[in-house]
Structures are given as C-alpha cells and as structure tokens.
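From these two lone chains plus the hints, build me the complex, please.
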Amino acid sequence: MQGHGLRGIAILALWGLLVAACAPAAQQDQVQRQEAFEKKVEQVAGYKVPGGIQDLEGFPLFVTPDEKEKDPTKVKRGSSHRYLSLDPPHLDIGITSSCTVYNVNDMVYSKLVRAKVGPQADPFRIELDGDLAKSWEVSSDGLTYTFKLREGVKWQNVPPLNGRELLAEDVKFAFEDYQNSIQRATFENVARIEAPDKYTVKITLKDPNVDFVASIAAMAFIHPKEIKDQDGSWRQKAIGTGPFILETWTPKQGVKYRANPDFWEKDSAGGKLPYLDRAEMFVIPDSAAAAAAYRSGQLDVTPGFGKILDGQQLKKSDPDTIFMSNGSGLVRGNVNGFIMRLDRPPFNDLRVRKALSMGIDRMTMVDTLYQGGYAMSMGTSWIYMFDNMPTLKDWGPNYQYNPTEAKKLLAEAGYPSGLKVDLIDWYYRDPAETVIGLLKEVGITVNRREVDNPTQVTIITKGEYGDMTAVAWYIPGYEADSENYPFLHSKGAKNYGHYSNPEMDKLLDAQRKERDPAKRREILRKIWDLQLTDLPYIWTPTGRGINGWRPYVKNFRPHTYMGTLSCYTTGNNNRIIWHDK
Amino acid sequence: MEQSEAALLTRPVAGLRVRQSRLRGLLQIGRRKPLGTVALFFVVVLVIVALGAPLLAPYDPLYVHRMVGGSALKGPGVATAALPPTIERSPIFVNEKGQGPPFLLGSDDKGRDILSRIIYGARVSLMVAVIAVGMGTFSGALVGLISGFFEGKTDLILQRIVDGLMAFPGIILAMSIVAVLGASTVNTFLALSVIIAPNASRVVRGAVLTIKQNMYVDAARAIGATPLRIMFQHVLPNVTAPIIILASVTMGNAILLESSLSFLGLGTPLPDPSWGNMLGGVSARVRIEDAPQIALAPGIAISLAVYAFNLFGDAMRDIWDPRLRGR
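Sequence order for the protein chains is B and E.
Going by the working numbering, the first residue of the first sequence is number 1, and it counts up by one from there.
Going by the working numbering, the first residue of the second sequence is number 1, and it counts up by one from there.
Extracted from the complex, chain E is given alone in its bound form (with noise of 0.2 Å):
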C-alpha cells in the first residue's frame, strides 16, 4: 500500500507532459512502437527518394544504354548467323560514354537503369499514396459526414450507393474504371479514390452517429447554429483522428492496387517507370531466371512500401485511438 501511494506520488500529473521536450515524447513513441519508427524510416526515405528522383538518380529512367559486342552483330542488313546474345550470354550496356556497366541494381533488357527507374517509380506510388488515398478518403468523409449527420432519407440513399460501390471487389471495380477511362496515372488514381471513399464513408458516419448524441452538440444546436456550421465546427475536428487513422492504414493497400493495375497494364504507361509496370512488362519479355534483378527489384520496392505504410499506419492507430493507447 505504501508503495503503491509513492508510486502514486512520484508518477507525473497530466499537466507534467505538457512540460516533457518533444523530442523526448517522440522517442518514447519510439521506443513504445519500434516497428512503427522503422516503418516511419522507410516512408520518409520513400519521400526523400521520390522527391529528389532528379538528383538521386544516376541516370534518366527513359535512356537506353548502348550494347557492347553490337558490332558483331551490326553486320549485313539481315543477321546473323554470328553472335547474338543467347541466354547463357547476357548482354552488357554501357553509356554514351562507352562506360561499363555503373548500374547499381543492373539494367533491364532495353538496357535502362533499374535503379533509376526504381527511384522515379517511387513518386507514382508516393502520389497514390497522397493523393489517390487523399482524394479518396477526403470525398469519402465528406459523405459519411452527410450522411451520419443528417441520417433519414439521405443516409439511406447515399449509403445504398455505398453499399453498391463495396460489392465490387476492389480490383475489380479499379479495373473496370479505368478500362473505360483509359490506361493513364491521373485515371488510376480516380479509381483508386472510388474504391477508397466507400470504406471512408462508414468509418466517419459511425463515428459521427456517436459524436452527435454528445451534449455539445445538442448546445450548440439550442444556441441556434446552423446544421453546416455544427458538422464542420462541433462534429468534423471530433472525427478527425479516425479519418487520419483510416488514411494512414490505406496508403499501403493504394500503392498495391496501383502496382497491381499496373502489372495488368491498365495504371501508368509504359516506358514511364511505375514499380507495378516494371514488373508486368518484364514477365513478358524476360524470364526471372535469365535476369532476375529486374523482377526482384520493383518486387522488392513494393514490398517495403507497402509493408512500412501497413506498420506506419498500425502505429498511428494504435497511438492516436484512445482505446488502444498505453499498451
């Protein structure tokens, strides 16, 4: 009993952590969620890379590096009984300058550098990240503030809609938007926000059902505020949090979708690098045994994205929902 007063005593007050640094509190995250830092690591390395592709890259993810050996094979018009490349026989690139092979990650077989492709390939899937999952999750709140808020007749129909958006399979739906929109970034990016918004309407209409039974609003409602001015300035800062969770979580599964378009050649077009393009055009042309690296390379890169943008947007839930807070 005696020391669980002095433990009592010596734990601090809630003014105390006010007071506490930042930096402080951040490594307390840290320490409370390691995985969510690594994960945290990765995204800002993914950032940094996807912002700074101009000058990380070594080279220009479109240029076509020259072939050694060519001129074995630039013989008469119609070649060539002597050497082309076989598969036991890769082929080896250089520059403009005759330079040998630089590439760290190897290069592909039209003879481009993967890593640079790797790089600039990260600001399709850092885009779909914000603003596919942004735009998505954005008009998806705005409906499921609608819709919790005024509830009766307009709940129902914009909810059967939302019902009629989430019995499509995800990929489905993306696929069949774009195929009738057309193969392009900017339209991937539409149709990853369709699947996005239903999952975002549900979230925010059950949170705001429950926020609206609170008093304040009730008070503010007897003040005589107008219904707008109670959704976005009593209801909309309350749902904030499950809005940010939400998008957090989703980031991870956007940058999936959009490789996963575009492996079926329905996201960004070829030769502009994509990860998910990267891959899909490579299983038609190579096998991953004659040249594996340019396979695992985009292979590697979704998996690390997705993976810290699942872990990053666990940590922020479990560190901003109030229910899971502490353990």
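Just chain B, with the same shape it has in the complex (with noise of 0.2 Å):
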C-alpha cells in the first residue's frame, strides 16, 4: 500500500516535472514560429506584420499577388462580379457611416483622396493614394490644404447630370454640405472652403487636424449638387463619378451596377478601369442561406466569416476557395458591444456600466462564439499608441470576468434584486444569446428586442434605443481622430450614447491639434485608458475576419481597416477585379 503511494507521488513529480519542462519549451517555439512567420512576411508581401498579431492555422494573414494579378496585360474583362452586402436604408453617407450605405456610395462616387487596396496594398494599414485630387499640399501651420483635382474627370452620363465635367466648386458645395451633417466631425472644423480656379480647391481649418485628409479620405464622397436640387437629399439617388453606374435598388434584395464608361482611371498598362462590366450586390441577412449562396455558385466572394468553425466547414464544402484571415479587429475596426443611455439610469450610473462589463464573461464568449481565435476592439486602433496588440489582460479591472463584485456594484447602485434593462438590436444577436444568459447569473435581465437593420441603422442614428442598444460593426475612418472623437467627444456627431465628460472633451480637441507624432500618442493612450475606465460603451470581443473568394476571382483583397465583408472598401476594390474565366 505505502509502496503504491510511493509511486504515485514519484509518477506525480516526475509528470510535473515533464510539464515544467515542456510550458517554457511550447512557448519558445510558440514564439519563434511567429517571428519566423512574421519575417516570411515582410520578406514575401513587403510589409510588417503589426505586434502580436498572429497566423491562424488553415486561414492565412496574407495572400500575395500571383503572377496574373501582377501583370495588367493578362487581365479579362467584361465579367459580372457578385458579393453580399447588407440592406441600406437609404443612401445619403450625410444621415449615416453606416457600411450598408457606405458601400452603395463607394461603386458610384469618388473622393478627392482614397486608401490603396488591392493586393498590392498593405492590409493592415492605410497608404493614401490621389482619387479626384491628383495632388495636395498643407501649409507650414498646418491649417490650408489645397488640393489640386485630376482634369476631364466626368459625372456619369445619366441625366441630370448627363456626363458634365467635374469642378472645384463640387468639391466645395460637397464639403459645405457635409458642415451640417452626420460626418461633421471633419468639416465642422473647416473655416473656409475656396475654389480659386476649375481645379484647385483651398480648404483652410479653424485649428490644425493632423489627420484631415485621412479623414476625407474615409469619409467624404463628393455628391451632385443637382440631385439635391432636385429631390432635396441624396437618399434614393446616387450619381457620381466613380467606377460604377448605379441601375437599380431594390430594397431588401440588392443593388444592380455597369461599369461606368467614362470612369477617368487607368491602369499601369494603360488599359480602362474598371475591369469588370458588371456587379451585382446581395442581401441576405441569414447567414446559412449566404454560405448556401456561395456554395451554389451564386457569389463570388464568401460571407465574412467570425467563427473559425464556419471557414473550417466552407473549406471542407469549398476546398478551392481562398482564405485570407485579417478581416476585422486585428488592428482595428471590428468592435461587438454596447451602447448605452448615459444621460439617463440606469446606465448613468457608473457602477451599473462596470457591473454590466465584469458580468460578462469574454472568455467564454470568445471559446464557444469564436473557437478561440479572436479580438478585442473598441474601435480605436490599437496601433496609434501600443507596439503590441493589447491582448484582454491589457484591458484593465473593468473588462475582468468578475461576477462577485458586479452583484456587489449593482446592489450599491440601488439594484439589489437585480436588474432590467431593454435592449433592441440586429447586429448583434449571435453575441447577444451568450451575453444575455451570462448577465442573468449576475441578476441583469436583459429584454431584448430584433428589428432589422435599416430600423436598427435609424434607431441608432437618433438614439431612440431606450436602455441599449448593441453593436457588432466597423467603426469608419482611417485615423485616430475619426475613430474617438465622433464618438466620444459630448458634441460629436456620432456620439450615440450621450456621452459627456469634459476630461475626454479636453483630450480629444488636445489630439488632434497635437502635431508632434509622441505627444499625440501619449494623448490618444489617455484618451484608451479613460475609455477603460468610464466605460462610455462596453466592449465585448469579436471573432477573427475570415474572407473567400473564388480562385477565378483576381484583385480582391480584404484589408483589416475595412470590414469583414469590405464593405468599407467595395467599389474602391471592385474598380481593379476581374474574373479569370
């Protein structure tokens, strides 16, 4: 018997001995697979893999450029492109950012200036090419841009524009229109907007914006001045001067296009853009019937996967298909949480906020929603102020899976038999099932309600969300500014939750006259940590991007600042596919 007992403890020790042997070893090689990964990267794709992030197995972070895709001579044109989108409301980028209504806008217009794509491009992070501006230049204070804009370029020739050439004074009427609207956060800071000839544009700030023209670049589609004229919004027309003509909208079904003939670009061979003639946008809402669309051939390029279960299963289904996995929140991005009434109770009660935030436990969320590979976003890049990816550990006390002291906060805040709250929303509703049954073991109760997305995309606009309302999309722009102060300044545009707190008003307008690139980042790791701590949305996190295409399909690239269904890059990327068939 003591014989027995001897044994098991030598077979104890000895086992323990093997694990503390292997933990240290699993993790060197853990980290130098990655280091070799990240080498092979900038040595093949020629750019740098931003810290942390890392390779998911079957799914790669990268695709690079094959030997058609480089060469412009061997493109075929003429095919008909087919992807999934979801149901725009309406389609005036001036009422919403949302992505339903970005993507229409983005195949029809242009921008004076546009992020590069493609698979030239590098995916994680934005290089800024000329669209309508063929060049531009700031002053030495930082506070007059002009912009100088690419000559004969047309509005398509659909009445009542009929194809007339585009002006500086578009420009200018665009941008003066975008003073008052939903994308305010850029123009309202402008002081002047000046036309001195047909093709220069003179924009000059009130304070200096170190990122203007990433920011216009995001955002800010240069719209006719006759539709508004004639219909007094931009909400059911949309003629511009970008790649595609826009044919017919069907609501709840998609959106028809042809390929623009007067589009001004061209590519390096010399050849017309865009390649394609036609291109077919999809709605549909269910996911399994999206997958099922793309398995019969009816899409070429896949829905945007966050689990890693459903790419594992398109691959078993699809073994052709090409994967690329930095769809969402890697660097940026991808955010899935809450916003909530702050200006009202519950949630103007601080403790509530944190009671809600430590009820959740992400860990479980990211194990059975994401199969492990996941992120946590809260729509500020990460990259404007951290080397390394922060993983949930960095995030602080509040986004700590702590079930105790969320019962003890919600008690001190008046709540102690628990809590309800309403929450209506369409995004979200594959996180929302895990969230709302985690929260019931801490005493919240969650009522939630589904509408569909163009309600969702209104109720959000005009904060008519009751308690809260839930999220999981991209947050648009391609800079810090973008990314904070809509949302979190007490006179942002965007600011959906009411959000007031003068040490984050201060922070915000501080950044973004900050001209020294160390400062700004010590101000924006402020600006991080204050989010951690006053929790003016809660964050939760989301799944890995995965996108597909066809191997027949040629240029799409999904790029990590654009969604997992690209929807903030869809006609920008469309102008430069082609179908190898």
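Simulated from the structure, these hints should not be mistaken for laboratory data.
Worth double-checking, as some hints may not be accurate.
Reference listing, derived: stretches of chain B covered by chain E, where coverage requires no fewer than 3 residues with Cβ under 8 Å from a Cβ of chain E [as the list claims (entries may be wrong)]:
id	stretch
1	360 to 368
2	428 to 437
3	441 to 452
With a Cα cut of at most 25 Å, we get these calculated SDA-like pairs of lysine to any residue [unchecked claim]:
id	chain 1	residue 1	chain 2	residue 2
4	B	316	E	123
5	B	252	E	175
6	B	420	E	184
7	B	316	E	292
Distance windows between CB atoms, simulated [said to hold, decoys possible]:
id	chain 1	residue 1	chain 2	residue 2	range
8	E	169	B	233	33 to 41 Å
9	E	47	B	449	37 to 45 Å
10	E	172	B	73	51 to 59 Å
Here a beta-carbon is modelled for each residue, glycine too, at the ideal position from N, C-alpha and C.
Have a look at this one:
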C-alpha cells in the first residue's frame, strides 16, 4: 500500500517536471514560429505584420499577388462580379456612416483622396492615394490644404448630370454640405472652402487637424448638387464620378451596377478601369442562406466569417476557396458591444456600467462563439498607441470577469434584487444570446427586441433605443481622430450614447491639434485608458474576420480597416477586380 | 329473431348510461379511441412540463456552460495556432462547479442545456395552443354568431371581411402582421389569432344558421326575448360543441405556425427558448451532421406536440360529433 503511494508520488513528480520543462519550450516554440512567420511576411509580401498578430492555422493572414495579378496585360474583361452586403436604409452618407450606405456610395462616387487597396496594398495600414485630387499640399502652419484636381473627370452620363465635367465648385458644394451632416466631425473645423480656379480646392481649417486628409479619404464622397436640388437629399439616387453606375436598387434584395464607361482611371498598362462589366450586390441577412449562396455559385466572394468553425465548414465543402484572415479587429475596426443611454438611469451610474461589463465572461464568449480566434477592439486602433496588440488582460479590471464584484456594484447602485434593461438590436444577435445568459447570472435581465438592419441604423442614429442597443460593426475612418472624436466628444456627431465627460473632451481636442507624433501618442493612450475606466461603451470580443473568394476572382483583397465583408472598400476594390474565366 | 329480442333486452336503456361510473366511461372512450388516449397523454405531459418548467428543467434555459480545455485557447490576446475546436473535435461544456456533461439531450453551440430549453420552450407552444387558439376561436365565434344570427347586411359585410382574411395563405398573413407589429411572443399570438378567427367564424355561422331554424328559437322570439338573449341563451349553448372541436383541431396547426414564425425569426426573439427559434437558430450556425441533437430535439418536440394535438382534436371531434359518434 505504502509502495503504491510512493510510486504515485514519484509519477506525479515526474509528470510535474515534464510539464514544467515542456511549457517554456512550447512557449519558445510559439515565439520562434511567430517570429519566423513575421519575417516571411516581410520578405514575401513586403509589409510588416503589426506586433502580436498571429497567423491563424489554415487561414493565412495574407495572400500574395499571383502572376496574373501582377501583370495588367493579362486582365480579362467583361465579367459580372457578385458579392454580399447588408440592406441599405437609404443612400445618403450625410445621414449615417453605416457601411450599408457606404458600400453603395463607394461604387458610384469618388472622393478627393482614397486608401490603396488590392493585392499590392498593405492590408494592415492605410496608404493614401489620390482619387479626384492628383496632388495636395499642406501649409506650414497646418491650417491650409490645397488640392489640385484631375482635369477632364466627368460625372456619369445619367440625367440630370449627363456627363458634365467635375469642377472645384462641386467639391466645395459637397464639403460645405458635410458641415451640417453626420460627417461634421471632420468638417465643422473647416473655416473656409474656396475654389480659386476650376481645378483647385483650398480648404482652411480653424484649428490644425493632423488627420484631416486621411479623414476626408475615409468618408467624404463628392455628391452632385443637381440631385440635392431635385430631390432635397441623396437618399434615393446616386450619380457620381465613380467606377460604377447604379442601375437598380431594390430594398431587401440588392443593388445592380454597370461599369461607368467614362471613368477617368487607367491601370499601369494604360487599360481602362473598371475591368468588370457589371457588379451585383445581394442582401442575404441569413448567414446559412448566404453560405449556401456561395456554395451554389451565386456569389463570387464568401460572406465574412467571424467563426473559425464556419471557415472550416466552407473549406470542407469548397476546398478551392482562397482564404484570408485579416478581416477584422486585428488592427482596428470591428467592434462588438453595447451602446447605452448615459444621460439617464440606469446607465448614467458608472457602477451599473461596471457591473454590466464585469458580468460578461468574455473568454467564454471567445471559446463558444469564435473557437479561440478573437480580437478585443474598442474601435480605436491600438496601433496608434501600442507596439503590440493589447490582450484582454491589458484592458484593466473593468473588463475582467468578476461576477461577485458585479453583484456588489449592482446592489450599491440600488439594484440589490437585480436590474431589468431593454435591448434593441439586430447586428449583435449571435453574441447577444451568450451575453444575455451570462448577465442573468449576475442579476441583470436583458429583455431583447429584434429589429431589422435599416431600423437599427435609424434607431442608433436617432438615439431612440430605450436603455441600450448592441452593435457589431466597423468604426468608419482611416485615422485616430475619426475613430475617437465623433463617438466620444460630448458634441460629437456620432455620440450615440449621449456621453459627456469634460476630461474626455479636453483630450479629444488636444489630440487633434498635437503635431508631435510622440506627444499625440500619449494623449491617445490617455483617451484609451479613460475609456477603460469610464466605460462610455462596453465592448465584447469579436471574431477574427475571415474572407474567402473563388480562385478566378483576381485582385480582391480584404483590408483590416474595411470590414469583414470589405464593406468600406467595395467600390474601391471592385474597380480593379476581374474574373479569370 | 329471438336472439335479437334477447339482445334488445340486455341492451342498456338510455337511463342506465348515466349511472355508469365516470372512470368506466373514460375507459370506454380509451378503448374506443386508443390513439386519442395516447395523444391526450402527451398533451397532459406537455401541460405538466410547461407548468412545472422551473421545477423540471435541470438548468436555467439561458445558462451558458463553460467550455473545458478553454485554457489552451485562452493564450495570448489574438489566438491561435493552438487548438481551436474543429468540426471533428466538438467542444465539451461544464457547469459552474466544473462538472462534466450532465446534459440528457446534449448542449447547443453556446453551451446551453438543450433539455432545459425544450422544457421552457414547451411553455410557448402551450401558450400558443391556449391563448392564440382561444383568442382566435373566441373572436371568430363571436363574429360567426353575429353574422349568422342577424344575416342580411351585417352578414354580408362581416363575411366579406372574413373572405378577405381567408384569401391570404395563413403563414404569409401572419408574417406580414408580425412584420408590422414587430417580432415578439405576444405579437405572434395576435397574428395567429387573426389567422384562426376567419375559419372559426365560418363554422359557427353555419351552425347558427341551422340552429336558428329550430322551434325553440321561434318560441323564445314569440315570448318576447331580446335578440341578445336568444343569441347567448338559446343559440350559443348549441354551437359550443363545434367551437370546442374546432379549437382542439386547430391547436396542433397553431403550434406548427408559431414554430414556423419563430424559425424565421419572426416569433419569440432569441435567446428566450421556443422550439421554432431553437430550430431556426441552429440552422444558421451549425451544420446538422456536426451536432444533430441541436436540431433533432426541438424538431421531435414540435412533431410530437403537433401530432398529439391533432390526434386529440380528431378524437374529440369523433366523440362530440353526433354523426360520428359510435363509429
């Protein structure tokens, strides 16, 4: 008997030693593998993978351009490209920044400046590229921006514009209109917009904004005056200078486009863009139906996946699919979480917000919803203030699962027997199921009401959501200011939770003016930290976005700034896509 | 001839039946309608399960069980070349005490106990059977009663409205009503009752038209009874049998309709369990071959309930309908 005991202890000790010896070795192996991977990306793809982002087994972080993609003379023209998006409630980007509206705008309209996309672009960073502007310069005081426009750019040949030339006055009109729109965060700082000649636009700011060019590159589509004069808004019609002409838009079904024959751009071999003849965007809200549509050949690109399991299933059924897993949250962008009305009970009480956040077991969400592949994102890109991607642990005590403290805080806030809140959502329905179950354990009963996408967009924009609403979306924008200021400033155009904190306002104003990158980084870090302690929004993990496409689809590449469905780059990417068939 | 006379003598006279014990009567029905009796048994089980859900369910239907082996996944912030569960390797869920999988019917993809969700989901189905069918049949019967009793213009107008409602396929009408009102359990009941009502009104109207011809109605009118009194005192009691039969036959159909609406995301909103949304939610997330229990359990529950109510309704009709009695 004693012998058995001793043997048992010896086995246990040996086992312990083995585990202790293996753990650092495994860790080291992991580190080495990661380093080797990063080196390979840098060599092969020519860009650096931001710190801490790991490769996902079976779903590569990058896909280098193949021979056909490198050589524009091999392009085959004339295909029809079919992809998936969400149902737009209207077509006016001045009312909402929703990607549902953006992706239609991106097909039809142009901007002054745009982001580089496609196989040659760095999928983790924004590189700016002239769109309607062929060049731009900034005055030494950082207040005046002068854009030189391309000459001979024509509006699409559709009444009432009938192919007239785009002039500096058009840009002036569009930008002045944005000053009173939901995009005003960028434009309310504009003192003057002038058009000294037909092809020059001069913009003078009230205060310096180091992110000004990047911010107009993200959102500021140039809309024509004629539609506004005729209809009073751009809600129903879209006629622009972009690569595609909108043919039909059927709510709940989709949008059909044909190539704009007068589009100004040519590829490096002098060939006309876009390469496609037609493009068709489908609205399929049910993810199973969307996956089935891809499987049966009705779509050329897959729906975006947040779950590794979905990707694995598709890989099994459609092994020829090319995958890329940089779709979301890794650098920025995709956020899942709650917007609460902070100007009234119960969420005006920080203790209640803390209780809600601490009641969510985020790692269980990661395990069950995303099978371990996840990102924590608050919409603000970590890349602006950290060298390595912050992990959940770095998010501080309010983001750690702590049911005991959550119950205590609820009781202190006056809800000892529990709290009932209403939740209106559509985007978040899958994680909502888990979160509602988890919150019930700490005494928060969430009464969920489901609406459709257009309704949710309207409800959020107007702030008419009762206690709280949930989002699973991309923060639009290409730089720190657009990601922070509109959502967190008390006067911000997208301050959907009615948040007001003078300290936050001060920091937001300061980062805008700070031209020293190191000092700005510090301010942005303070904004990040204040979000973690004050909880103006409560974030939950997001799945690691995986996109896939058929091998015949050339030049399609997801970008981590653009959403899992590439929603914020639809037109920009579609203008160079072609089908090898 | 002698034999038949003997048979005649031994045959119980009408009065004797009353003296039979209730139990014996029930047993006799049970022997005559074995399927109906089994159906009744299932209906009773459904009622007990629905009413006793908090006592019977092993877990809270929303409780998210934690996943075993999560530590391997809980590595550095962005994972992971480590070991995420794959299609071949299903995750195992545990409760807060770390106990292994005690789930009788397995767990769903979110780590919730399917049995508990089925038990709580029975409440929605039973409520549909009682509330939606009750509301629909009652309002339909009222319309049918008024329509049949007064005839003339009242009948014409009411029945054209009923025609209008009947022109739509039931599920389409329910979907449009829910689309306008918003998806919720209460709105589903409303939508279903709107579908059920026209049929009830037709059946009751027909019965009222026949009963109105009876002498006792004329007699009541002759002694000066008001139309309201005749309607509720003399006509209504005589049409209760068709109303009850109709309600019991409709219940199965109503459960199926509610499940269809919830399946389409237009009924009970997730995460509250209803059999339809359990079935609908899973089709969007998990392939049936990977985790068959998630779809099979609510599917079987729906089938059983619908069969039970249908067979029970048929038996009720057979017993109550004088033309079918004794067959």
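Exercise. Mind checking, does the stretch 428 to 437 of chain B have 3 or more residues with a CB under 8 Å from chain E?
Worked result: Satisfied; 7 residues make the cut.
Exercise. Given the hint that residue 316/B pairs with residue 123/E, does the C-alpha gap stay at or below 25 Å?
Worked result: violated, 39 Å
Exercise. Taking the beta carbons of residue 47/E and residue 449/B, is their distance inside 37 to 45 Å?
Worked result: violated, 29 Å
Exercise. The stretch 360 to 368 of chain B covered by chain E? Criterion: 3 or more residues, Cβ-Cβ distance below 8 Å.
Worked result: Result for this restraint: holds, n = 6.
Exercise. Are residue 316/B and residue 292/E close enough, with their CA atoms no more than 25 Å apart?
Worked result: Roughly 18 Å separates the two Cα atoms, so the pair holds.
Problem set entry | residue 169/E versus residue 233/B beta-carbon gap, inside 33 to 41 Å or not | Between residue 169/E and residue 233/B, where Cβ atoms are some 38 Å apart, the hint holds.
Exercise. Does the Cβ distance between residue 172/E and residue 73/B fall inside 51 to 59 Å?
Worked result: Given range 51 to 59 Å: holds, Cβ gap about 54 Å.
For this session: Take a quick look at whether residue 252/B and residue 175/E sit within 25 Å of each other, Cα to Cα.
Result: Holds: residue 252/B and residue 175/E sit about 15 Å apart, inside 25 Å.
Exercise. Keeping to a limit of 25 Å between CA atoms, is the pair of residue 420/B and residue 184/E held or broken?
Worked result: At roughly 17 Å apart (the allowed maximum being 25 Å), residue 184/E and residue 420/B satisfy the hint.
Problem set entry | chain E over the stretch 441 to 452 of chain B, status - at least 3 residues with CB closer than 8 Å | That given contact holds, which follows from 5 residues of the stretch 441 to 452 of chain B lying within Cβ reach (below 8 Å) of chain E.
Checked against the numbered hints listed earlier, the structure breaks hints 4, 9; every other hint is satisfied.
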